[in-house]
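Listed below are the residues making up each chain.
There are 2 protein chains.
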Amino acid sequence: MSIKFKIIKKDPKSRARRGVIFTPHGKIHTPAFINVGTQAAMKALEIGDLKKLGAEAVLCNTYHLMLRPGADIIKKAGGLHKFMNWQGPIFTDSGGFQVFSLGFGMERGLRKINATLKGGLQEGKRGVPPLGGKKLAKIDDKGVTFRSHIDGSLHRLTPKSSIQIQEKLGADIIFAFDECPPPFASREYSIEAMERTHKWAKECLKTHKRRNQALFGIVQGGEYEDLRKESAKIIGAMPFDGFGIGGSFGTACSKKPIEKTLGWVIKELPTEKPRHFLGIGGVDDIFYSVKAGIDTFDCVSPTRLARQGNLYLRPESRGNIRNKFRLHISKREFKKDFGPIDKNCGCEVCKTYSRAYLNHLFASNEILAYILASKHNIYFIQQLFREIREAIKNDTLSKLEKNWLS
Amino acid sequence: MSIKFKIIKKDPKSRARRGVIFTPHGKIHTPAFINVGTQAAMKALEIGDLKKLGAEAVLCNTYHLMLRPGADIIKKAGGLHKFMNWQGPIFTDSGGFQVFSLGFGMERGLRKINATLKGGLQEGKRGVPPLGGKKLAKIDDKGVTFRSHIDGSLHRLTPKSSIQIQEKLGADIIFAFDECPPPFASREYSIEAMERTHKWAKECLKTHKRRNQALFGIVQGGEYEDLRKESAKIIGAMPFDGFGIGGSFGTACSKKPIEKTLGWVIKELPTEKPRHFLGIGGVDDIFYSVKAGIDTFDCVSPTRLARQGNLYLRPESRGNIRNKFRLHISKREFKKDFGPIDKNCGCEVCKTYSRAYLNHLFASNEILAYILASKHNIYFIQQLFREIREAIKNDTLSKLEKNWLS
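First to last, the protein sequences are chains P and A.
Residue numbering for the first sequence is 1 to 406, as defined by the working numbering.
Residue numbering for the second sequence is 1001 to 1406, as defined by the working numbering.
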């Protein structure tokens, strides 16, 4: 096995656990938040800064990298670590999520689909749901044919090619190629997608040869308890090095489904292997998921929010569930506010610059606005995870959660 | 006097000199290149990185800052140094150049005007030249009334208000409010603009009260030898702490006028005070100007070129006058080029990343592209100036020039 996972401490009151994932490129202390560097680059940040901000690993997206610059170029460059100059652990996803998102008629995230969705997806029993006719992807039992969002060129991803591409990229932890069904998919379609995911999981295991690289399976099953349990049981029994929980949560659903789904799934997965929750980044979601037994998370939200001027606030600085733990720095009230973004934050940005300066940078469209905002938000999320790990160590996780969420 | 200038060494074969400007915020070793941080921010760079790249000072633009966030906000923040977190010397220009540029129907630089110019400006004898009817500024003998390029609001700059604003901003070295006539201005108009500049220079001196701040006068006179000499004599005799050479060079004219103009002007200026050349950044221009006796330069070109993907090349790496000492990283040929931008460059970017990675970042519109490109280009220009200072010290300036320009 290419990684080792050691559980150091279990929370007595929940399924939360503190651990270490040992990878070919160093340790990841869990629970951990894996910041996303989609195109082999952190948005608005030098990769060296990521480490200084407390992050130990980064996740890149196979879909984007296979299209640009292409897996062969990255392989020739000596792999992702060398190409992007990140010597720590790297995750790559399978490309599945992005490709299926194209099928739903959207390119990034689940926001657009939520805006256009009126239950119509229930009708889409097979293949790409009938959304607007502008579908960019077509699913069959062997894989997905899709058009590049960059130049419209035709591509195909299969379980085999996804693994081969990820082997070329050379991440420490890679994911099996799965089908992520659209939010509110019908039971019938959810079964179909799940069965395809299970079949593809086997093909991924069969294809995967690279020894210094862990392969994680992905649990699907939509919003259905029996399907989720079945998927967790089947995928959990396969010889994967760890497991990802997939699906359309976050913007698509309320918090409840996350707690409920994790409750169904986690019990069926082997205790001793790490569990990754794909695409989750809200503070409340993080607490629920850590308590449910999740070890690692990835999400674009800290950096994406930063670029929109949404800067995180700690609970001591009036960050809470209602304001989503953030302020919008472009508001008029910050124009003459010479205090730091968050006086209870320990990051360099808060020690150095004022809200007035950040407000000015955003108003002036300065790239520095994105740089400083991203640094602050990444520090915030990494600091939250440091506190979570510390709390599990000290049996104070529920106290920490109360401080943050009440 | 708020600054001191000490000449350490003179070049035996030219007017070049090596010196130190002592400012309230530290030394500037000359000849020096002052990078531009227009809106109280370096483009795509944390200000702390500027120092690491070898820069000792930065220049901000009064025009932009008076409009956004406004001089009062910067004063309340504790001045520019504190607002932008730069503890070294700061220059501000007077706002004149930008305001008059608006009058010519352009917002930034001289490029647009060059494209539309067919000698028509000669006809504009008074006020704003008749260019397209979209004039945003109107000159009179007391100042300039102009519309903000941001929101169209009406503003006025006069010698007095320019100085008062610059006192609020709190730079170490500020400039007198002058009129920069358009390129190819008629002799008649050049005289008019020059005389206004001289009258305004006196008003600036009379207004300026801040003691820990040097005030530089600006020499104008267009392309006319007698006017340039007259302007240098008159401005040079006023009790300024240093002098700027203004005018429309660079993109507007060939190199010749720069050498010629500096030849006329420098002899008339006091030897013991520093001389700043406004807005010049080409490698060949820099050598000509240093030899003519210029001590400091400012220009947006290193960072602007960087953001366009134009990365500097040293002469050992085939940088030369013909290719303007640069390569365009977005070219197809660099997609699979795993060597550094410039193997003879000592910057961190060249030690760390490949041309293929930079090519990918530019293709992918990653902000990191601008960050890394800016770092490389700033290092390049600062390194050039380190070599120029060293060459003056060792009486090898003409050898260095030959290495670079032949």
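Quick caveat, the hints were computed from the structure, so don't treat them as lab data.
Warning: the hint list may mix true and false statements.
As the list claims (entries may be wrong) - DSS-like, lysine-lysine: derived pairs with alpha carbons at most 25 Å apart:
#	chain 1	residue 1	chain 2	residue 2
1	A	K1233	P	K75
2	A	K1076	A	K1006
3	P	K331	A	K1076
4	A	K1009	A	K1399
5	P	K75	A	K1335
6	A	K1233	A	K1267
7	A	K1206	P	K351
8	A	K1004	P	K335
9	A	K1206	A	K1004
10	P	K209	P	K229
11	A	K1229	A	K1202
12	A	K1202	A	K1013
13	P	K76	A	K1335
14	P	K52	A	K1351
Unchecked claim - Stretch by stretch, here's where chain P covers chain A in the computed footprint (C-beta under 8 Å, at least three residues):
#	segment
15	1021-1034
16	1364-1378
Glycine included, every Cβ here is placed at the ideal spot set by N, Cα and C.
Pair hint outcome, K1206/A versus K351/P [Cα-Cα no greater than 25 Å]: Distance ~40 Å between K1206/A and K351/P Cα, so the pair is violated.
Satisfaction of hint between K1006/A and K1076/A, Cα-Cα up to 25 Å: violated (34 Å)
Within 8 Å of chain P's CB atoms, at least three CB atoms from the segment 1364-1378 of chain A: coverage verdict: holds (count 7)
Hint consistency between K1202/A and K1013/A [alpha-carbon to alpha-carbon, up to 25 Å]: violated (35 Å)
K209/P paired with K229/P [C-alpha distance capped at 25 Å]: At roughly 29 Å apart (the allowed maximum being 25 Å), K229/P and K209/P break the hint.
Straight-line alpha-carbon gap K1009/A to K1399/A, limit 25 Å: Within the cut-off at roughly 17 Å; holds.
Agreement of K1233/A and K1267/A with the hint, judged by alpha carbon distance not exceeding 25 Å: holds (9 Å)
Given hint K1335/A paired with K75/P - CA-CA distance at most 25 Å: holds (13 Å)
Holds or violated: K52/P to K1351/A, with C-alpha atoms at most 25 Å apart: holds (20 Å)
Restraint check for K1206/A with K1004/A, where alpha carbons must lie at most 25 Å apart: holds (21 Å)
Restraint status (C-alpha distance of K1229/A to K1202/A at most 25 Å): holds (18 Å)
Given hint K335/P paired with K1004/A - CA-CA distance at most 25 Å: violated (36 Å)
Comparing the model with each numbered hint stated earlier shows that hints 1, 2, 7, 8, 10, 12 and 15 do not hold.
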